[in-house]
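Assemble the whole structure, with the sequences as input and the hints as a guide.
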Amino acid sequence: DAGVIQSPRHEVTEMGQEVTLRCKPISGHNSLFWYRQTMMRGLELLIYFNNNVPIDDSGMPEDRFSAKMPNASFSTLKIQPSEPRDSAVYFCASSPWTGNYEQYFGPGTRLTVT
Amino acid sequence: QQPVQSPQAVILREGEDAVINCSSSKALYSVHWYRQKHGEAPVFLMILLKGGEQKGHDKISASFNEKKQQSSLYLTASQLSYSGTYFCGTEHNNAGNMLTFGGGTRLMVKP
Chain A
1 DAGVIQSPRH EVTEMGQEVT LRCKPISGHN SLFWYRQTMM RGLELLIYFN
51 NNVPIDDSGM PEDRFSAKMP NASFSTLKIQ PSEPRDSAVY FCASSPWTGN
101 YEQYFGPGTR LTVT
Chain B
1 QQPVQSPQAV ILREGEDAVI NCSSSKALYS VHWYRQKHGE APVFLMILLK
51 GGEQKGHDKI SASFNEKKQQ SSLYLTASQL SYSGTYFCGT EHNNAGNMLT
101 FGGGTRLMVK P
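Chains A and B supply the protein sequences, listed in that same order. FYI, the numbering used here numbers position 93 of the first sequence as 93, with every residue one higher than the one before it. FYI, the numbering used here numbers position 44 of the second sequence as 44, with every residue one higher than the one before it.
Derived by calculation from the structure, the hints in this document are not laboratory data. Every residue gets a Cβ at the ideal spot worked out from N, C-alpha and C, and that includes glycine. One or more hints might be untrue.
[What the hints assert, rightly or not] Per the computed footprint, the stretches of chain B lying under chain A, defined by three or more beta-carbons under 8 Å from a beta-carbon of chain A, are:
(1) 5–17
(2) 37–50
[Unchecked claim] Per label pair, the in silico range of CB-to-CB distance:
(3) A:Ser87 x B:Tyr29: 31 to 37 Å
(4) A:Arg64 x B:Gln8: 27 to 33 Å
(5) A:Met39 x B:Glu14: 24 to 30 Å
(6) A:Ile55 x B:Ile11: 39 to 45 Å
What follows is the structure in C-alpha cells.
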C-alpha cells in the first residue's frame, strides 16, 4: 500500500491567496483527520471525518479554513484568504475504523505564507 | 485540554533507560503514543485503553493509570534509532479516535 498521500509537499504563497491542500487516505480506511503542527502550538487536530462525513470541526481555527471529503479516497483542506500565521506543516492521517486504531500519517504539506 | 508531557527533553547515552510521562486533567478513555523523527510524520507506537493495561513493543513499553489520569512510556536499553520527539495523544471518551496531543518530549540518544 502506498500509505497516505498528500500534495503538494511544499507550498509557498502570498498573504491573501487561496491555498488548497490535498489528501488521499489509505484504501479501506474510513476515518480521516487533518492536523496542523507548529512549534508554538504543537500538533493540533483541525477536523475529523468518518465515512466522508465531518464529525468534529471544532479545531478549525476560523472561517477562512474549510475541509471537504467528497468521496472515500479524497479530501481537501482549503484556506481562503491565507495569512502568515497559517504557516505550518499540515498532516492528513487515516484510520481503518472508528475506535481504538492507529492513525497513519501522511508525509505532510509544509505551507509558508509570506 | 492538551495533556502535559514531561520531561520536555532528555539526552541519553546508548543503552540507558528513559521514562516519558503524560498527564491529563480530564478522565481518559485511551492513550496513544507516537514518535516523530525530524522532518517526518508521526509514527504510531502503541495504544493503551483504560483499565491499567500495559503494552510492550520491543524494548518500549507503556502503562496507563486511569485513576491518576496518566500514562508513562518506558524506553529500555535505548538505541540510536529511538531518537526523536515522542507525543502522547489522549482520548477522553469513545469518540472515534479523536486525539488531543501533548507538547512532545524530545529524546536524543548519543553513542
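Next on the checklist: So, against the hints stated earlier in the document, which numbers end up violated here?
Outcome noted: 1
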